[in-house]
Each structure stands twice: as C-alpha cells, then as structure tokens.
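In case it helps, the working numbering puts the sequence shown at residues 38 to 200.
These aren't lab readings, by the way, just hints derived from the structure by calculation. Each residue gets a CB set at the ideal place from its N, CA and C atoms; glycine is no exception. Any given hint could turn out to be false.
Now the in silico label distances, taken between C-beta atoms and shown as ranges [to be verified]:
1) Thr158 with Ser44: 41 to 51 Å
2) Ser83 with Gly151: 32 to 42 Å
3) Val127 with Leu66: 25 to 35 Å
Calculated lysine to aspartate or glutamate pairs in the DMTMM-like style (CA-CA distance at most 20 Å, straight line) [stated by the list, open to error]:
4) Lys102 with Asp171
5) Lys57 with Asp170
6) Lys57 with Glu86
7) Lys131 with Asp171
8) Lys131 with Glu160
9) Lys139 with Asp171
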Amino acid sequence: MSTRTYSQTETDLAFQWVDKYFKLIDLILQISGDNEKDIPSCMPYSEYELQYQELRRWFIAYQVKFLPIWSEFWRNKTPKEDFGDNTDGVEYFKNPFLMMYKPDNLCQLAYRLGIIENIDTWETTEQAADIIDDIIVGFSLEVLQFIHYIGEFADEQLKYHDD
C-alpha cells in the first residue's frame, strides 16, 4: 500500500464518504424489515426514497474525487475475480459502493441487492437477511479499515491540529 500522506481535504472527504455510507446502510436496514420480530417489510416510505435520492446525488457528485483515495486502499484487498461474475464486475471492483447508489430508486436498490424478489412487488427474499449481513458485517469492516488507513497516513499536521 501507498505511504503517501492525505491532505485535510482528502481526509475530510474520506470521513464524509464513510458517514454517508453508514447512513445508506441504516436506510437499507430500515427498508429491509425487522428480522427480530419477523415482520415483513413493506414498500419504502417516500421519506426513505428522499433520503436515498439525497445520498445518491452526494455519492455521484463526489465519486470522482473519492475513488483515487479509495483505490489506494482497495487495490490490494480483494481479487478482481471476486467481481468477475457480475456483468458490471470491473466497475464494481473499482467502486464497490456503486452497487448501493447506482440504482435509480430504493426498489431498484432492494432488487439489485437481492432483498426483494421482484422489482414490482415488495416481497423479501429468503436470503435477504444473509445479504444484509454480508453488506453490514463484511463490507462495512472493510470501510472501517479504510478509515483507519486514512488516519494512519493523514498529514502529520492534521494529527496534531486539535492538541
């Protein structure tokens, strides 16, 4: 991995990206239902759709600036072959977050992630809980490691700025 330092702007962007990512994860949890009570989920409320659209617009607006920072961390983490089965595999290898903000709306997102069986009806799949766990536990751990990585290589002036 690179040993270059990250500027205040790059560090701020990385932290903002991760914050928005976890807001999106929270939104996915809200639309996927309540597994503890085994309550089936229902069509997302319009406020959820508005939240998704706001997050989606932000990700799209900042992806060009963020991806070079992410790629320095990600390039040695996961083999490209893991993304080869997907028709958009190379694109998703470069930007695995894209899978969560590329869909135009929450229904498309839920369908794309395998949470619902049909894009026209809101019926969750049997694998929905496993899919959510993979996203929340698996990839989110990578995201947390990314923030740690950014912190390690933040400009020395930034590390002692608040002291």
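Hints and how they fare:
For Thr158 paired with Ser44, a C-beta distance near 48 Å keeps the hint of 41 to 51 Å intact. For Ser83 paired with Gly151, a C-beta distance near 24 Å fails the hint of 32 to 42 Å. Between Val127 and Leu66 the Cβ separation comes to about 29 Å, which falls inside the hinted range of 25 to 35 Å. The straight-line distance between the Cα atoms of Lys102 and Asp171 is roughly 27 Å, outside the 20 Å bound, and the hint therefore fails.
Taking the CA atoms of Lys57 and Asp170, the gap is about 19 Å. The hint holds against a cut of 20 Å. Of the supplied pair hints, the one linking Lys57 and Glu86 holds, its CA atoms being roughly 15 Å apart against a limit of 20 Å. Between Lys131 and Asp171, the direct Cα distance comes to roughly 19 Å. Compliance with the 20 Å bound is thereby established for this hinted pair. The suggested pairing of Lys131 with Glu160 is violated, with an alpha-carbon distance near 31 Å, which exceeds 20 Å.
Restraint check: the Cα-Cα separation between Lys139 and Asp171 comes to about 19 Å, which is no more than 20 Å; the hinted pair holds.
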